[in-house]
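Dock chain B against the given chain A, drawing on the hints supplied.
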Amino acid sequence: MKKKMLALLLAVSMTVTLAACGSVTNKGSDSKSSGTSAEVDSGDAKSHILENGRYDKLVVAISEDPQDLEGDDVNLGSRYYWIYGIYESLFDMADDNSGELVPCMAESYEPSEDGTSWTVKLHNDITDWEGNNITANDVKYCFEKIIAAGQAIRFDYYDSIEVIDDYTFKMNWKEVPPAISEIEFPLVRTLIFSQKAYEDHGGMATTPVGTGCYKVTDFVTGSKVVMEANDDYWGLKYQDQLTGRHKATVQTLELDVVTESSTAVVGLENGTLDVCSYVPLADEEKFTSDPRYKVEEVVQGDYWYIAPNGQRMGEDLRKAVYYAIDNQAVSTAMGGQYVPSTSLGNSAYADYDEALELDGTYITDYDVDKAKDYLDKAGYKGETLKLICVNNETATAAAQMIQVLLEQAGIKLEINAVTNDTYNTMTSPTYSDQWDMMINTIGGPSMVGSWHLLMDNEVNNGLTFSLIEDSKLQELYETATADATHDTEHMREVLDYVIDKGYLYSIANVSTALVYTANMEEMYYREGYYTPGAAKFIGQE
Amino acid sequence: MFRYIVKRILMMIVILWCAGVVIFTLTYLVPGDVASLMLGKEATVEVINQKRTVLGLDQPYLVQLGRYMYDTFIRLDFGDSWIFSSSVMAELAVRLPRTLLIGLSAMVLNVTIGTLLGIFAGTHEGKWQDSLVMIIAMVFISAPDFFVALLLILLFSLKLGWLPAYGIESMACYILPIISCALGGIAVNARQARSSMLEVIRADFVTTARAKGQKEKVITRKHMLPNAMMPIITGVGGGLAMVVAGSPVIESVFSIPGVGAYMLAGVNQHDYPVVRACVIFFALFCSVAILIMDLCYAFLDPRIKAQYSKGKKVK
Chain A
1 MKKKMLALLL
11 AVSMTVTLAA
21 CGSVTNKGSD
31 SKSSGTSAEV
41 DSGDAKSHIL
51 ENGRYDKLVV
61 AISEDPQDLE
71 GDDVNLGSRY
81 YWIYGIYESL
91 FDMADDNSGE
101 LVPCMAESYE
111 PSEDGTSWTV
121 KLHNDITDWE
131 GNNITANDVK
141 YCFEKIIAAG
151 QAIRFDYYDS
161 IEVIDDYTFK
171 MNWKEVPPAI
181 SEIEFPLVRT
191 LIFSQKAYED
201 HGGMATTPVG
211 TGCYKVTDFV
221 TGSKVVMEAN
231 DDYWGLKYQD
241 QLTGRHKATV
251 QTLELDVVTE
261 SSTAVVGLEN
271 GTLDVCSYVP
281 LADEEKFTSD
291 PRYKVEEVVQ
301 GDYWYIAPNG
311 QRMGEDLRKA
321 VYYAIDNQAV
331 STAMGGQYVP
341 STSLGNSAYA
351 DYDEALELDG
361 TYITDYDVDK
371 AKDYLDKAGY
381 KGETLKLICV
391 NNETATAAAQ
401 MIQVLLEQAG
411 IKLEINAVTN
421 DTYNTMTSPT
431 YSDQWDMMIN
441 TIGGPSMVGS
451 WHLLMDNEVN
461 NGLTFSLIED
471 SKLQELYETA
481 TADATHDTEH
491 MREVLDYVID
501 KGYLYSIANV
511 STALVYTANM
521 EEMYYREGYY
531 TPGAAKFIGQ
541 E
Chain B
1 MFRYIVKRIL
11 MMIVILWCAG
21 VVIFTLTYLV
31 PGDVASLMLG
41 KEATVEVINQ
51 KRTVLGLDQP
61 YLVQLGRYMY
71 DTFIRLDFGD
81 SWIFSSSVMA
91 ELAVRLPRTL
101 LIGLSAMVLN
111 VTIGTLLGIF
121 AGTHEGKWQD
131 SLVMIIAMVF
141 ISAPDFFVAL
151 LLILLFSLKL
161 GWLPAYGIES
171 MACYILPIIS
181 CALGGIAVNA
191 RQARSSMLEV
201 IRADFVTTAR
211 AKGQKEKVIT
221 RKHMLPNAMM
231 PIITGVGGGL
241 AMVVAGSPVI
251 ESVFSIPGVG
261 AYMLAGVNQH
271 DYPVVRACVI
281 FFALFCSVAI
291 LIMDLCYAFL
301 DPRIKAQYSK
311 GKKVK
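Chain order of the listed sequences is A and B.
Take the first sequence: its letter number 198 is residue 198 in UniProt numbering, and every next letter is one higher.
Take the second sequence: its letter number 79 is residue 79 in UniProt numbering, and every next letter is one higher.
Same shape as in the complex, but just chain A (with noise of 0.2 Å):
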């Protein structure tokens, strides 16, 4: 009897459980013949047209809880794909990825004669969603605030805001800005907003009051946010002169936080979300069969990397290392969202161009007799060297793949994980005899914004975050970061000149997969970053 409900159960367990997970196939198929059936041709998607021009609704998945709609941090994490329809910055990068800097809030600017300060002229008639006119009092609080708060990121080179009349201030320079990357936070990352609304709100985590193309109506802290386009946006009358982003092209904006990416395929397929960035590259093709939506693969800006302590390891040593590490089965290692590195930077940044990709060098090319032969120049006796790495799960998984490659080239490494702020802490040069080399992950605004950390002798006390000092790269670094040099050939030399002394190796990029609704004619982009809201749809003009 005992072995009969035994049996019973079994089975009734596994018809439960087949029926959950088989539910993924079933559903792909019904999915498509339904998708056929309401095929997304032209008329259906004109459907959601509102007369106003805009599209209906708009469902998109965040992964991450915004935690709150404050407008004085300039350090906008996963925000940025969505912030900038709320608050606005004085000036913009252009559309077209070119660097150049698109006036914004600020109507025009007049650098100096010896570019130590710059004139701005502000539009004289922009306006809140409760109506206050922003003025030069307003951007001087906006920017005073940043700084009280101690936020003020890469403002290394702001000193002060003089305010000359209501419309126009003086923004003066510590020293003369070398590139508009170098001032990107100041003026393209601070956010803009009235110092009386902040005021009478006392705040703006939970109730934001913005300039920008939506209004906020809804918002629950690690839920959801709601923004509705705002018809009295003040640069409605300006579209021409603004970039893309200031297009409210959607009418009701819902941002769901969905933190499992399982959970938000879940709401992709049963229609609940129609967009939604971090969907596995395993689940990919579920999408692609699927004509309800549209699939891109997107690489992301930020990248992991290896970098050997300068003070520590010789080059031969370091070139060892490198040839010993096959990317490929690290990036596998470190889990299906990631592909190998090939370069110092990738596709999404605005300054990327294919001949920055560095085939034939160590970073691609996988080579255990090679790395034997820099471990004999090198003189290694079978000395330990210690690994450094967060203690996050990605992190310690391309440590252990990374041990184990070394191993089978005789090198042995021992991995120290720790937290996050320990890792800060150890690797400033007070703990420099404490690791041989780390493994970590960096972006920026731009490829070259990436190597600040990396390359940039000035970051760590005379040192690179990594502990090299190097007056060469520190100034082949500079050249390729001044805006009149900052283009492929330089960024080309910084990069031979990283290979050639063995300072860094690229491990893996980001790469998910973006599924939208195939409503949607074309996703707008900034910098590699996706804005669903500046997006076009089928019939949109």
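A hint or two may mislead.
[What the hints assert, rightly or not] DSSO-like, lysine-lysine: derived pairs with alpha carbons at most 30 Å apart: (1) Lys121/A x Lys140/A; (2) Lys57/A x Lys46/A; (3) Lys159/B x Lys57/A; (4) Lys372/A x Lys386/A; (5) Lys294/A x Lys159/B; (6) Lys412/A x Lys501/A.
Calculated directly from the structure, the hints in this document are not laboratory data.
Using the frame of chain A, we list chain B on its own:
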């Protein structure tokens, strides 16, 4: 009994005060600089120092502790979150109902279904009913929360389309999280109740009742159940204290902004006002839950009630 309750409430105040000092000291002693962690690698020393000043981290330990204790216990103000830029008290007040809804509903299911299944299994010891209940219990004890949750989403949200996969829009959004939370607890309670029943089923007073010709149902209800309930209540009390902490895993899978997710974010991002407030809050809730549990003991066991009313312990 009244004096006992007053005494326990006074003790709770001391416990909360001690919890405040301990959690503040522990978070103070955590290595690493919170300001630089919050601002990232790009921040300069000046900006980091400015942030430390804003957060009050540049003050000596005793000054920080004194300010914290005054704000928390005199002004009843947990301060503002460093990450969420909003009042911790206000955020807890918004999130707690969601966590309690899931936790308490799951607890009710745990206790009722789990206890009934346990009694059913205990009274059918060695028969197929007992084996069936124990096998089901084993399956749900072994299955991780997130796995059960994902299976439920696939079945009820994707395959059948009956319930939402995530969110807090309607009460329907809470059904799957409650079931996911409850299944493990039902299994644990069923095993606990069965074990307790088997202990009392062989007790002398049960044999005596049977010998006196008492009906089996009456023996179960009047003799076995009250005695078997003591360890179950202990388990429920412990579980009740855990309810307020929420389940970060379940809240994450179903994207429910509850207390568990809030504290997890606080811990991960070194948001000490959130961590400290949550600990104080949990200490308060635990103290109340244990007090209620002790009062339930007294209600069920006349010996304990007599002990309370005399105001002294029976040695």
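Satisfaction of hint between Lys159/B and Lys294/A, Cα-Cα up to 30 Å: holds (22 Å)
Is the Cα-Cα distance between Lys159/B and Lys57/A 30 Å or less? holds (25 Å)
Is it true that the CA of Lys57/A sits at most 30 Å from the CA of Lys46/A? holds (13 Å)
Are Lys372/A and Lys386/A close enough, with their CA atoms no more than 30 Å apart? Answer holds: Lys372/A to Lys386/A is near 19 Å, not above 30 Å.
Does the alpha-carbon distance linking Lys121/A and Lys140/A stay inside the 30 Å limit? Holds: Lys121/A and Lys140/A sit about 13 Å apart, inside 30 Å.
Lys412/A paired with Lys501/A [C-alpha distance capped at 30 Å]: This hinted pair holds, its Cα atoms lying about 22 Å apart.
Against the hints set out earlier in the document, no violation occurs for any number.
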